[in-house]
Structures are given as C-alpha cells and as structure tokens.
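**Q** Chain L with the ligand: place on chain H using the hints.
Single-letter residue listing:
Protein chains: 2
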Amino acid sequence: MQELSCGTSNIVGVRFAVYPMADDFVKIIKGALKETDTSKVWMETDDVTTCIRGRSEHVFDTAKAIFVHAAKTGTHVVFNGTFSVGCPGDSEGDSYMSEDSHRLNEQAVSGEKIDTAAHFSLYPMNNPDYMQVIADQVETAEKHGTFTKGVHYASRLDGDVSDVFTTLEEAFVRASETKNRAHVTMTAAISANSPSTKAK
Amino acid sequence: MQELSCGTSNIVGVRFAVYPMADDFVKIIKGALKETDTSKVWMETDDVTTCIRGRSEHVFDTAKAIFVHAAKTGTHVVFNGTFSVGCPGDSEGDSYMSEDSHRLNEQAVSGEKIDTAAHFSLYPMNNPDYMQVIADQVETAEKHGTFTKGVHYASRLDGDVSDVFTTLEEAFVRASETKNRAHVTMTAAISANSPSTKAK
Ligand SMILES: [Ca+2]
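Going down the list, the sequences are from chains H and L. Numbering-wise, my numbering puts 9 at position 8 of the first sequence, and it's gapless, one number per residue. Numbering-wise, my numbering puts 121 at position 120 of the second sequence, and it's gapless, one number per residue.
Please note that a few of the clues may not be correct.
Where chains are identical, the list cannot tell them apart; a pair therefore holds if satisfied intra-copy or between any two copies.
In silico DSSO-like cross-links for lysine-lysine, where the CA-CA straight-line distance does not exceed 30 Å [unchecked claim]:
1. Lys199 with Lys114
2. Lys144 with Lys114
3. Lys201 with Lys35
4. Lys35 with Lys144
5. Lys199 with Lys31
6. Lys150 with Lys31
7. Lys201 with Lys180
8. Lys180 with Lys144
9. Lys180 with Lys31
10. Lys114 with Lys28
11. Lys150 with Lys35
12. Lys28 with Lys199
13. Lys180 with Lys199
14. Lys35 with Lys114
15. Lys35 with Lys180
16. Lys150 with Lys28
17. Lys114 with Lys180
18. Lys144 with Lys28
Simulated from the structure, these hints should not be mistaken for lab results.
So here's chain H without its partners, still in its complex pose (with noise of 0.2 Å):
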C-alpha cells in the first residue's frame, strides 16, 4: 500500500539492479553479492530489484560495492536504480540509522580502477524551487570532474566508479539539504565495459 504522508526518519533507500549482458549472469551476481559486507545495510531482492536502506554514506557504499565486484570481472555490467530520501512512512530499517559512518566496503573497492560512463536526474519532490536544485547539483558534478554534458531528461557523467558514485553521492545529499526533510529522489544508469564508443 502506498503511503499517503511523508514519514519523520531521514533513512535513505535505493531499489535498483546490477545488469551483467553474460550468459553467466546470476554467478557475477552472486559473487558481488558475496563479497560486499551489508551489514550496516537493511536488504531485501526479489526477481525485479534489490532495495538496500539506511544511512546514506552505507547505502552508497553498499551498493558502489555491488556494482564494483560485478564489473571487475570485465564483463559488460549496468548498474540501474533510484535512490530516495524523505519517503515512505514506514520504520521498516530504522534501526540500521544508529549504525557508526564507517565505510565497511571502502577499502576492498578502492582499489579497483573502473572507467564508467552514468546518466543520472534529480528529483526534487513538492518543491517549487526544484529546477533549481537540479541545476545546483549539475555544479556539484563539474567540481568532481565528472560532468561531460546534458542530454535529454539526465545529466552524463565520466570517470572512475569511485569518482562517479561520489559525484552522485555528494549531488543527492546536498539536493536533500536543500529543504526541510526534503524527499528527493535521484536515477542513476553506471554502464562499465560497454562495447559501444563513449558519446563523451
């Protein structure tokens, strides 16, 4: 059931999927799934998406994580999801908010050196100032070096996995702080090892 009233936690949540275009497709995620720690995470999958929900910096990790693991075996791998802050009402997860800001899968990722191209979109929710919000975080991007360009309905972006998820990272949380308990959600597609040229 759809909630009809924004809830009081400040949890962030992501539902999205890590796309690897191989026959092997379940093992590469299994395997990343294996290998990232999402403890200070709440998660549940089924056969469409996995949602992860907590403390931002967690969520970003955790699924940051997934995505590296999977495409460090070179495969063609498309992160898809959104991330949201604000929204629903429920307190399902809550008790992963007292969880400390240590980045359990930092240091196993870092390592990993990944090229990947992303589209994402900001989206600001009841606020009539939101057009300016987006335009702000655009900003936040080409401090990180990561803004290529606009395209239709998404802001592109270039770069390492690390550099990408922190662009986007730093772009939601402070699209989020633009407001009181702001609800804002954002759409991310992080393509990495695509045959295709980059429409850089």
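**A** Just chain L with the ligand, lined up with the frame of chain H:
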C-alpha cells in the same frame, strides 16, 4: 546545460535501456531495434541509454516493441527507464508531435505473450498533492488487474507484457493530467524470463 524552466511542449520522452543477460546481448538489442518501427519518434542512442521522444502513445508503443522483440528471444531481459512529460524546455523533437495516433508496432507485438514483473514509481514534480496523485494511480493499476503490491519506493505489477505496458501508460498519462502542464516522471523496471522465483 540543464534548463532552469520548463517548456511549453507536451512532448513525452523516455530514457531507457534494454538489458539482455546474455553473451550475445548486442545481437539481441540490434535485432529488437531492427524489428521496431521507430519512424514516429525522435530517437537517440548512446553507450549508456536510449532516448525516445514524441507523442505519448508512440513513445510507449516504441519502447514496448523494443522490449518485446528482445524478450521474445527467451533471454532474461530487463527494460529499465524513466518516462517524462512537461520538461525540459527545448523544441528538439517537436516535429514528431504532429504524427497521427496510429501505433506502428501494436499489431506486430500484440501476438507475443510474455509474462513480466515490474516495479514502477511516479514522481509528479512541484505538486503538494503528489502523494495523492501516486495513490490514485495505484488504483489505476488495481483496475487493470496487474497491481500485485507496494514495495519500498515502488509498486509491483505482474502480468502479460501488454497489460503491464497498458497499465504504465495509463498511470503516467493520468498522473500528467492532474495539473496543467504538469511535469511528471515515472521510473519502470520490467523483467521477462527471469530465472528467479516471482515475489508475487
Ligand atoms: Ca487502493
């Protein structure tokens, strides 16, 4: 660069990708594109996603056809994308708005029976009543018989690919009609031929 204001066109767009989880994913995608009549939409593909723009019915017709032609191979294929209306403020693709409403791919695709599972989310922008708009479109999905349940940040649909796409199109169009020149986006992940057990 991101626009700071919304345009005056009612052009609908979708930025999406179709992910075949198979070694021959390039062949499957190219085959699906070749079988789809894209002449009534503006279309651009890069190494991350594809963008289709035009009249609502042709955007949905074309996106569905590409997915169906890929999924009918029996491969585990996922469509993942974001539909948008009401923004941005450009005029590129406006010429396609004068096409008639006859759907070019409907006949070729309607014979394909493909069981799917989907997660979708509506984001009505700059609207204080957005949670009600979302709840109303869950009822649209219930009416179509495709709504299974709410999950965190999304609603789950199950059913034949045509019923799922019809549900998504109606939910999106109805949500965009709740306000004059509404800016509405809708994410959808649609999975076919998954080896995982349905979480229905
Ligand atoms: Ca209901």
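**Q** Does each hint hold? Answer for all of them.
**A** Do the hints match the structure? See the list:
Only within a single protomer do lysine 199 and lysine 114 lie at most 30 Å apart by alpha-carbon distance; the minimum there is 17 Å, versus 35 Å between protomers. For a Cα distance limit of 30 Å, the shortest separation of lysine 144 from lysine 114 inside one copy, 20 Å, qualifies, whereas the shortest one across copies, 48 Å, does not. Proximity of lysine 201 and lysine 35 under a CA criterion of 30 Å is satisfied inter-copy only: 25 Å between copies versus 33 Å inside one chain copy. In this assembly of identical chains, lysine 35 and lysine 144 lie within 30 Å of each other by CA distance neither inside one copy nor across copies; the values are 34 Å within and 40 Å between.
For the homomeric pair lysine 199 and lysine 31, the shortest alpha-carbon distances inside one copy (28 Å) and between copies (18 Å) are both at most 30 Å. Proximity of lysine 150 to lysine 31 under the C-alpha cut-off of 30 Å is restricted to the inter-copy arrangement: shortest distance 26 Å between copies versus 34 Å within a copy. Taking the shortest Cα distances, lysine 201 and lysine 180 never come within 30 Å of each other, neither inside one copy (33 Å) nor across copies (37 Å). Proximity of lysine 180 to lysine 144 under the C-alpha cut-off of 30 Å is restricted to the intra-copy arrangement: shortest distance 22 Å within a copy versus 36 Å between copies.
For the homomeric pair lysine 180 and lysine 31, neither the shortest alpha-carbon distance inside one copy (38 Å) nor that between copies (44 Å) is at most 30 Å. Taking the closest pair of Cα atoms, lysine 114 and lysine 28 come within 30 Å of each other both inside a single copy (22 Å) and across two copies (28 Å). Taking the shortest Cα distances, lysine 150 and lysine 35 sit within 30 Å of each other only across copies (28 Å), while inside one copy they are farther apart (35 Å). When the C-alpha separation of lysine 28 and lysine 199 is checked against a cutoff of 30 Å, the pair qualifies both within a copy, at 27 Å, and between copies, at 19 Å.
When the C-alpha separation of lysine 180 and lysine 199 is checked against a cutoff of 30 Å, the pair qualifies neither within a copy, at 36 Å, nor between copies, at 38 Å. Taking the shortest alpha-carbon separations for lysine 35 and lysine 114, only the intra-copy value of 20 Å comes in at or below 30 Å, while the best inter-copy value is 35 Å. With identical chains, the CA atoms of lysine 35 and lysine 180 are never at most 30 Å apart, being 37 Å at best within one copy and 46 Å at best between copies. For a Cα distance limit of 30 Å, the shortest separation of lysine 150 from lysine 28 across copies, 29 Å, qualifies, whereas the shortest one inside one copy, 35 Å, does not.
Taking identical chains as interchangeable, the C-alpha atoms of lysine 114 and lysine 180 are never at most 30 Å apart, the minima being 35 Å within one chain and 46 Å between chains. Taking CA atoms no more than 30 Å apart as the test, lysine 144 paired with lysine 28 passes in neither setting, with 37 Å inside one copy and 38 Å between copies.
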